[in-house]
Amino acid sequence: MTERDVRVRIPPSPTGNCHVGTARMAIINFLFARRHSGTVIFRSEDTDKERGKQEFEDDIVISLHWLGLDWDEFYRQSERTDMYREALRSLIDLGKAYVSEEESKKEAGRMIRVVRLKNPGTNVTFTDLIRGDITFDTTELGDFVIARSVDDALYHFAVVVDDALMKITHVIRGDDHISNTPRQILIQEALGFERPKYAHYPLLLGADKSKLSKRTGDTAVRSYKEEGYIPEAFLNYIAILGWTPASQREILSLPEMIEEFDIKDLHKSGAVFDIEKLRWFNRNYLQKIPAEEFGQAALGIMEEMVSERGLKWSSGTGAQLYGMVRERISVWKDLRVLIDDGELDYFFSEPRYNTIDIPGKKSAPESAIKHLNSLREILANISETQFRNQETIKASVWNYATKEGTGAVLWPFRYALSGLARSPDPFFIASVLGKECVIKRVASAIRALSAV
RNA sequence: GGCCCUAUCGUCUAAUGGUUAGGACGCCGGCUUUUCAAGCCGUUAAUCCGAGUUCGAUUCUCGGUAGGGUCACCA
4 MTERDVRVRI
14 PPSPTGNCHV
24 GTARMAIINF
34 LFARRHSGTV
44 IFRSEDTDKE
54 RGKQEFEDDI
64 VISLHWLGLD
74 WDEFYRQSER
84 TDMYREALRS
94 LIDLGKAYVS
104 EEESKKEAGR
114 MIRVVRLKNP
124 GTNVTFTDLI
134 RGDITFDTTE
144 LGDFVIARSV
154 DDALYHFAVV
164 VDDALMKITH
174 VIRGDDHISN
184 TPRQILIQEA
194 LGFERPKYAH
204 YPLLLGADKS
214 KLSKRTGDTA
224 VRSYKEEGYI
234 PEAFLNYIAI
244 LGWTPASQRE
254 ILSLPEMIEE
264 FDIKDLHKSG
274 AVFDIEKLRW
284 FNRNYLQKIP
294 AEEFGQAALG
304 IMEEMVSERG
314 LKWSSGTGAQ
324 LYGMVRERIS
334 VWKDLRVLID
344 DGELDYFFSE
354 PRYNTIDIPG
364 KKSAPESAIK
374 HLNSLREILA
384 NISETQFRNQ
394 ETIKASVWNY
404 ATKEGTGAVL
414 WPFRYALSGL
424 ARSPDPFFIA
434 SVLGKECVIK
444 RVASAIRALS
454 AV
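If you count the first sequence from 1, position 57 lands on 60 in my numbering, and the numbers rise without skipping.
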């Protein structure tokens with residue numbers, strides 16, 4: 004009475020780097036199998052000698068591992084040609100397929116003849132776990148080709164033989180395969196194989212609603228890895244696209260996804276891959292990284308990028324920055340962009356002032372000079388050690404600032420330190436820069452203003 | 001074009017034969033004792049169209065429309 008143990012396959016063809024769609028296919032199969040304590044089979048469908056490359060297979064394996072997926076069995080179709088040949092021969096012997104004599108051609112001095120399936124031309128109906136019954140009239144398929152030659156099986160044939168030999172119970176794949184299914188069922192029936200259960204989920208869409216392709220966005224998993232997406236975040240987003248767990252939670256760990264996975268909760272209509280929401284997921288995961296780990300990664304990137312700008316790197320300064328950096332980025336790449344845009348320059352070099360910007364909108368040049376002079380006096384009274392605490396600096400300045408108008412005082416202060424219209428607050432910057440440096444910059448700003 | 005699939009805010013989605021059609025992302029606005037960022041609060045926004053069934057359809061049926069997929073000696 005027990006159902007057969009669940010066995011699913013992840014069958015990419017190594018004709019390109021790991022595609023987001025491939026990752027999704029792998030995730031869905033993986034979740035389904037693990038949910039049912041089943042077996043996951045990775046099958047490299049490398050029967051296309053023209054386009055297939057080992058490096059692509061490697062990229063797919065690396066990318067899926069990166070996402071935290073794994074499998075229990077590994078096969079390559081190129082290593083199973085004997086089985087296809089044998090199956091093909093038996094089909095020909097049974098009279099269910101034939102070598103097409105009139106379509107012979109010469110290749111490398113040998114005659115090549117394609118093999119065609121004798122199509123009984125019936126209606127084929129299969130039950131899709133996601134969509135219900137689907138019926139096709141197969142007469143229009145004719146006696147379709149199943150092998151380039153007896154020694155060289157085509158995709159549909161290899162798939163059917165493999166699925167049977169590997170005892171696949173559930174074929175879960177994108178709905179671009181719906182129209183392939185009747186063809187494969189025909190081969191299956193000719194061979195006398197058992198029919199697996201089918202489930203076709205909708206394709207991932209680009210912003211223009213067509214099948215996600217290079218034109219509609221970045222499709223290589225590796226490029227997301229390179230931009231610094233967190234694998235768990237990427238996995239989570241891709242899994243949730245087109246699947247709503249019963250709990251309706253969005254943020255889920257892999258074990259939680261396995262726990263909740265039910266193939267009935269896969270949607271019927273295609274979902275647009277939205278980079279903004281992916282970024283939100285990633286930000287979410289970035290926030291969860293332990294401070295130490297985050298700091299280490301941030302420090303590495305900062306050192307590289309700051310040095311690249313020709314500035315003098317200081318790890319002491321850098322170490323004080325990553326708390327601030329953390330709330331400004333969604334993906335590691337953002338940190339690179341941030342630095343590349345010069346938004347952190349003033350921590351590692353003297354700012355250059357646009358004199359007219361020093362006063363800000365809330366004070367005139369004369370009053371800005373006055374405020375900066377007052378600030379210089381106030382700050383001079385703070386000890387160097389106390390200067391390490393931004394709250395202390397704030398407390399010292401606050402009285403004066405509220406009396407004179409926070410905007411009027413604080414903008415010139417902040418601008419004197421950063422030289423930028425936009426930056427973190429002056430107290431934070433001051434605490435990082437240290438007393439000596441801060442007083443020097445305030446003085447420079449006064450000088451610049453007075454020179455006008 | 002044939003065949004097949006699909007159809008709720010801009011996007012991802014929830015729900016039900018009877019709801020003010022809910023949530024998330026984004027957008028916009030406000031608050032957060034200067035700007036930016038973050039955070040908090042809030043606003044805007046959807047059942048493709050037309051018939052039918054029904055007391056009542058977004059939900060069920062049919063038709064249309066739109067979008068997508070697929071039509072290889074690729075996978």
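Honestly, I wouldn't trust all of these hints.
Stated by the list, open to error - Subject to a maximum C-alpha distance of 30 Å in a straight line, what follows is the list of computed DSS-like cross-link-like pairs (lysine-lysine):
hint	residue 1	residue 2
1	K271	K373
2	K315	K365
3	K406	K373
4	K365	K438
5	K56	K99
6	K443	K397
7	K52	K315
8	K443	K315
9	K315	K170
10	K99	K52
Claimed, not checked - Between beta-carbon pairs, the in silico distance windows are:
hint	residue 1	residue 2	range
11	E230	V102	50 to 58 Å
12	S310	I278	42 to 50 Å
13	S272	K217	52 to 60 Å
14	T247	T358	35 to 43 Å
15	T138	E197	19 to 27 Å
16	R54	E296	35 to 43 Å
17	E230	G410	33 to 41 Å
18	T247	M114	51 to 59 Å
19	A451	A398	22 to 30 Å
20	P258	I115	33 to 41 Å
21	A454	S377	36 to 44 Å
22	E104	P258	21 to 29 Å
23	P293	E253	18 to 26 Å
24	G326	R450	27 to 35 Å
No wet-lab data here; the hints were simulated from the structure.
Just so it is clear, the structure is predicted and the values come from calculations on it, not from any experiment.
Where is the CB? At the ideal position from N, CA and C, for every residue including glycine.
Consistency of the hints with the structure:
no., hint, verdict
1, K271 <-> K373, "violated (67 Å)"
2, K315 <-> K365, "violated (34 Å)"
3, K406 <-> K373, "holds (13 Å)"
4, K365 <-> K438, "holds (26 Å)"
5, K56 <-> K99, "violated (33 Å)"
6, K443 <-> K397, "holds (18 Å)"
7, K52 <-> K315, "violated (52 Å)"
8, K443 <-> K315, "holds (18 Å)"
9, K315 <-> K170, "violated (62 Å)"
10, K99 <-> K52, "holds (27 Å)"
11, E230 <-> V102: 50 to 58 Å, "holds (51 Å)"
12, S310 <-> I278: 42 to 50 Å, "violated (30 Å)"
13, S272 <-> K217: 52 to 60 Å, "violated (23 Å)"
14, T247 <-> T358: 35 to 43 Å, "violated (57 Å)"
15, T138 <-> E197: 19 to 27 Å, "holds (20 Å)"
16, R54 <-> E296: 35 to 43 Å, "holds (40 Å)"
17, E230 <-> G410: 33 to 41 Å, "holds (38 Å)"
18, T247 <-> M114: 51 to 59 Å, "holds (56 Å)"
19, A451 <-> A398: 22 to 30 Å, "holds (28 Å)"
20, P258 <-> I115: 33 to 41 Å, "violated (51 Å)"
21, A454 <-> S377: 36 to 44 Å, "violated (20 Å)"
22, E104 <-> P258: 21 to 29 Å, "violated (57 Å)"
23, P293 <-> E253: 18 to 26 Å, "holds (23 Å)"
24, G326 <-> R450: 27 to 35 Å, "holds (32 Å)"
In summary, the structure is inconsistent with hints 1, 2, 5, 7, 9, 12, 13, 14, 20, 21 and 22 from the numbered list given earlier, while agreeing with the others.
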